[in-house]
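> Take a look at the letters that make up each chain.
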Amino acid sequence: MVRDVVLIAAKDLRLEWRSRVGAGQVLPFALLCVLLFAFALDVDRGVLQQATAGLFWVVVLFAAVLVVQRSFSVEASDGVIDALRLSGLSPAAVYLGKVAAITVELLALEAVLWLAVAVLYDTTLGGWGLLVGTVLLATVGTAAAGATYGVVGLRLRGAETLLPLLLLPLLAPVLIGATAASDIALGRSAGPGWPWAALLGMFCVVYLLLGSVLFRPLMEDS
Amino acid sequence: MSTTGYIAAAWFGTFAAVAAYAAWIIRRSRRAAALVPEEDQRWM
Amino acid sequence: MSVIAPPPPTIRPTTSSRATRVLGVLSIVGIVALAVFGLFITPPDAELGETIRILYMHVPTVSAAYVAFVVTAVASVAYLWKRTEFWDLLAASSAEIGVLFFALTIFNGMLWGKITWGVFWRWEPRLTTTTVLFLTYLGYLAVRRIPATVSTRATVSAVIGILAVVNIPITHKAVDWWRGLHQEKTIFGTVDPEMQGTQLFTAYLGLTVFLLLFLWLLIHRFRLAWLSERAEERVLDRAIADRRAESVEEAP
Chain F
1 MVRDVVLIAA
11 KDLRLEWRSR
21 VGAGQVLPFA
31 LLCVLLFAFA
41 LDVDRGVLQQ
51 ATAGLFWVVV
61 LFAAVLVVQR
71 SFSVEASDGV
81 IDALRLSGLS
91 PAAVYLGKVA
101 AITVELLALE
111 AVLWLAVAVL
121 YDTTLGGWGL
131 LVGTVLLATV
141 GTAAAGATYG
151 VVGLRLRGAE
161 TLLPLLLLPL
171 LAPVLIGATA
181 ASDIALGRSA
191 GPGWPWAALL
201 GMFCVVYLLL
211 GSVLFRPLME
221 DS
Chain H
1 MSTTGYIAAA
11 WFGTFAAVAA
21 YAAWIIRRSR
31 RAAALVPEED
41 QRWM
Chain U
1 MSVIAPPPPT
11 IRPTTSSRAT
21 RVLGVLSIVG
31 IVALAVFGLF
41 ITPPDAELGE
51 TIRILYMHVP
61 TVSAAYVAFV
71 VTAVASVAYL
81 WKRTEFWDLL
91 AASSAEIGVL
101 FFALTIFNGM
111 LWGKITWGVF
121 WRWEPRLTTT
131 TVLFLTYLGY
141 LAVRRIPATV
151 STRATVSAVI
161 GILAVVNIPI
171 THKAVDWWRG
181 LHQEKTIFGT
191 VDPEMQGTQL
201 FTAYLGLTVF
211 LLLFLWLLIH
221 RFRLAWLSER
231 AEERVLDRAI
241 ADRRAESVEE
251 AP
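Chains as they are written, first to last, in the numbering used here: chain F, 1 to 222; chain H, 1 to 44; chain U, 1 to 252.
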């Protein structure tokens with residue numbers, strides 16, 4: 001099982017490494033968003049600094065939609081999904097492999113994005129324990145929900161435009177939790193950060209479990 | 001608008017929407033039922 | 001006008017049956033009673049004043065919507081288990097009514113806010129949660145409109161129906177904490193404990209009426225969904241038959 005998960009994740013990451021869609025398209029888009037927010041919000045009145053964490057996570061969610069789309073569009077061509085189904089890999093393993101690959105890609109993107117935000121929005125990063133924990137949990141949660149909806153887009157042709165509508169309301173708790181926890185980590189607001197981390201953790205567990213179970217009917221039905 | 005006006009709008013709006021929805025269902029089902037033989041309409 | 005209407009068919013095609021007619025009559029009587037109690041008989045609330053009259057609508061619509069989404073989720077699980085058309089169509093019908101009730105909840109809530117806060121919108125936790133969930137279920141309905149084979153559409157929507165209902169408590173918790181520091185007069189919470197007499201009766205009457213209304217709409221909506229599927233099959237069958245006939249004629 002673990003071997004199968006690693007197999008799928010490695011396949012996706014190798015594919016990503018060769019095509020550079022994430023690095024060449026999604027990452028520049030995310031950086032563009034950072035720039036656009038600066039245009040939209042007054043840069044001289046400290047609005048950006050105050051909203052750093054929230055803006056950061058909004059960008060991550062937008063990027064996540066693209067990463068999820070990409071992760072499943074590579075399966076759409078030439079009946080790869082049928083090959084996966086016939087390969088004997090358990091659907092749960094395929095699902096977890098996809099989640100792992102999306103998580104790794106998003107984490108790489110977030111690392112660059114934090115640097116960009118630190119420089120461009122004049123933010124001092126800190127509160128490392130909470131910040132890293134938040135980033136990990138929020139990213140896994142996003143990937144867990146995203147991978148489930150990604151396969152939905154794969155089964156329904158024409159559902160690509162629907163993915164943001166399906167995914168983003170579901171990720172609203174992640175945005176709320178991740179923003180609040182990051183704000184606390186960066187010292188922008190007071191209060192204990194662990195309840196927010198716990199909320200994110202619960203989200204991860206719930207959606208990882210549901211995704212593992214529901215991936216089978218999604219893949220097998222045809 | 002007065003308080004009474006908002007309250008009236010809430011009540012009227014709600015039931016008008018439900019009535020419109022019900023009318024829409026009934027009109028569409030009349031049209032669909034005309035295409036379907038009676039043995040498929042088991043509730044009749 | 002010289003156009004003569006065709007004679008009415010012997011049985012008018014409808015989706016009603018004796019059960020739904022009884023339900024329908026009960027709902028209408030209930031609505032009238034609710035209006036009389038909610039708008040005229042009950043006294044204004046000590047704390048909420050006249051605005052409590054909106055709550056007699058607001059609370060039942062949101063409760064009926066949650067019932068609808070639980071029905072959708074249960075039917076979705078049942079579909080993945082039994083794989084029958086019945087559960088799929090039930091899930092779809094219930095979700096559509098839930099979305100309607102959610103829209104009405106938001107509408108009522110905004111009017112209540114206009115009176116109480118002076119503005120249509122404040123980030124009150126209940127209203128915010130309702131709006132997020134409303135959008136979630138709009139996504140569910142949008143998925144159902146994408147052309148696909150019957151079984152694919154049913155499977156995908158069942159999965160989304162389950163994920164969406166799981167999201168309800170998580171969104172509730174998150175939004176509550178998000179607004180935790182900003183306690184303001186909310187639609188819920190201030191009323192329930194002290195409600196007495198006709199106010200309490202009216203609150204329960206509202207719940208009953210909207211649950212009856214939900215049931216009545218659900219049965220009709222389900223039958224419509226069923227009829228639409230049958231009608232689509234017949235159109236398809238006829239098209240295939242026509243195509244066959246053509247190819248037979250074309251054959252030498």
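Since the hints were made in silico from the structure, they are not lab data. It cannot be assumed that every hint is accurate.
[Unchecked claim] Cβ-to-Cβ under 8 angstroms is the rule here; a few derived chain U residues that face chain H: (1) A35; (2) H172; (3) R243.
[Stated by the list, open to error] Take a look, some chain U residues computed to stay more than 10 angstroms from chain F by CB distance: (4) G24; (5) V25; (6) I31; (7) F37; (8) E47; (9) G139; (10) V143; (11) R153; (12) L163; (13) A164; (14) T171; (15) W177.
[Claimed, not checked] Now the in silico label distances, taken between C-beta atoms and shown as ranges: (16) F:E160 to U:Y204: 20 to 28 angstroms; (17) U:T208 to F:M1: 44 to 52 angstroms; (18) F:V74 to U:G49: 57 to 65 angstroms; (19) F:R85 to U:P169: 42 to 50 angstroms; (20) U:E85 to F:R85: 45 to 53 angstroms; (21) F:S90 to U:V22: 29 to 37 angstroms; (22) U:S151 to F:V58: 35 to 43 angstroms; (23) U:D176 to F:Q25: 15 to 23 angstroms; (24) U:W123 to F:V2: 21 to 29 angstroms.
Glycine is no exception: its CB is placed at the ideal position from the N, C-alpha and C atoms.
> Are there hints from earlier that the structure breaks, and if so, what are their numbers?
Numbers 2, 3, 9, 10, 11, 12, 13, 14, 15, 16, 19, 20, 21, 23, 24, in rising order.
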